[in-house]
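Enquirer: Chains as they are written, first to last, in my numbering: chain F, 1 to 238; chain C, 1 to 238.
Each hint should be verified, as a subset may be incorrect.
[Stated by the list, open to error] Computed beta-carbon distance windows for the label pairs:
#1 C:A174 with F:E184: 20 to 30 angstroms
#2 F:D129 with C:S215: 54 to 64 angstroms
#3 C:S215 with F:I139: 38 to 48 angstroms
#4 C:N122 with F:A59: 37 to 47 angstroms
#5 C:W118 with F:D53: 38 to 48 angstroms
#6 C:E3 with F:G205: 52 to 62 angstroms
[Said to hold, decoys possible] Straight-line alpha carbon distances no greater than 20 angstroms define the calculated EDC-like cross-link-like pairs of lysine to aspartate or glutamate that follow:
#7 C:K192 with C:E171
#8 C:K169 with C:D43
#9 C:K192 with F:E225
#10 F:K192 with C:E225
#11 C:K61 with C:D71
#12 F:K61 with F:E116
Hints in this document: simulated from the structure, not taken from any laboratory.
Glycine included, every Cβ here is placed at the ideal spot set by N, Cα and C.
Read off the chains here:
2 protein chains.
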Amino acid sequence: MPEVEIVLVEPLCEGNVGFAARVMKNFGFTRLVLVDPCEIGDDAIARSSHARDVLELAARKSLEEVFAESDLVVATTGELSKSVCTSMRMPYYAPSELREILSNVDGQVSILFGRENWGLNNEEVSRCDLICTIPTSEIYPIMNLSHAVGIVCYELAHLPRGTYRVAGKTEREALIDHFGTFLERIDHPDFKRQNTLLMLRRIFGRTALTTREVSTLHGILRRAEWHIDHDMPRQGTP
Amino acid sequence: MPEVEIVLVEPLCEGNVGFAARVMKNFGFTRLVLVDPCEIGDDAIARSSHARDVLELAARKSLEEVFAESDLVVATTGELSKSVCTSMRMPYYAPSELREILSNVDGQVSILFGRENWGLNNEEVSRCDLICTIPTSEIYPIMNLSHAVGIVCYELAHLPRGTYRVAGKTEREALIDHFGTFLERIDHPDFKRQNTLLMLRRIFGRTALTTREVSTLHGILRRAEWHIDHDMPRQGTP
């Protein structure tokens, strides 16, 4: 697993630097490097919000130092018009592909984001090991710097999720079985039974039921069964 | 292929609204809806940059209108501390999972983003069909509004096209209503009723039921009702 640092190259707007620090921390990244940045003042601090530590601990480095210290340097670039599709800027990888590539890297990885108005220049891009481009709309491909940092950090964060328990196969099968006996109990036509059970299996299969939901569904069936077994027939109905 | 609109519920800061418009357009989304927003002035326009059209064409709607007009409404929420893991806010889906689910939906999808300081309230969340949560760091999970919009738009940008007919909102509501009367008929405890219906709404919301499946589920309920009404009580059972 690599150690990732986010490098902002000559950012022009301190608000973006603060926002970048914040979204980095949102996805678990804390190593921010600033190369010849604008002045970092109150606006940056305000926008960093609870990531003020990331902002204040940001390292100041030269690009030379970044290239010297990193095992792998990634350039981020905007989507390209055909006219600038030079070999220097090709091939490029989407953030999700970058994640795949970096998952095999062990060491220091620096991801460079360029100036708000101009990105990285050709010389900077040409020195990088990899190029990453966020797939954007052709109509308006130019992202705000902090939004671009956010997308890359989002993709690179291998954050565990899942705080609820999803029903396993056995639990799902037991539920289908219960529906099977229930359908029998309510005289669901034999010739439709298998298709209906298959449909239920598909629904439950794709919906990733939680254990709690499975137990509620059992409860509903049991309750209906009890009423079928115990309620007196209503008067006057056929 | 769903038509996706991004709904900002009572945004407090116009800069965030402008930034949200920009990042939407970066990923090809243009339908912005504002529910009772702050004043939208120069700061919003400046931050929208070349997405000024998205900002200026934003629809003003009430939440009632959003729920009435949409086939599927998605709530976005922050990561939860254990203390608020109520059934109302579970289960939730990552943006990538949301993409999978929406890929089968045909119709109007509204994705709700809450207030900067407070998100969506419980009542708003409970009315939604699906919950989407961006997996963030436990250390600092609170994202800037426009960054959250950016991540969701990034994930939804390349939706595959659906191929079969999915039940619309009216059909899903009718099914939920049927379950409501059914639960009443089987004396499902009052105090559990709303939670159970909410759970069913969530299951059906995320599973993108086809019209055929909806009709089969109605059939099962009707058949069970008939048996409850007509079967003689069994001997010897309590």
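Enquirer: Run every hint past the structure and note whether it holds.
Expert: Tested hints:
no.	hint	verdict
1	C:A174 with F:E184: 20 to 30 angstroms	holds (26 angstroms)
2	F:D129 with C:S215: 54 to 64 angstroms	holds (57 angstroms)
3	C:S215 with F:I139: 38 to 48 angstroms	holds (41 angstroms)
4	C:N122 with F:A59: 37 to 47 angstroms	holds (43 angstroms)
5	C:W118 with F:D53: 38 to 48 angstroms	violated (24 angstroms)
6	C:E3 with F:G205: 52 to 62 angstroms	violated (27 angstroms)
7	C:K192 with C:E171	violated (24 angstroms)
8	C:K169 with C:D43	violated (37 angstroms)
9	C:K192 with F:E225	holds (19 angstroms)
10	F:K192 with C:E225	holds (19 angstroms)
11	C:K61 with C:D71	holds (16 angstroms)
12	F:K61 with F:E116	holds (19 angstroms)
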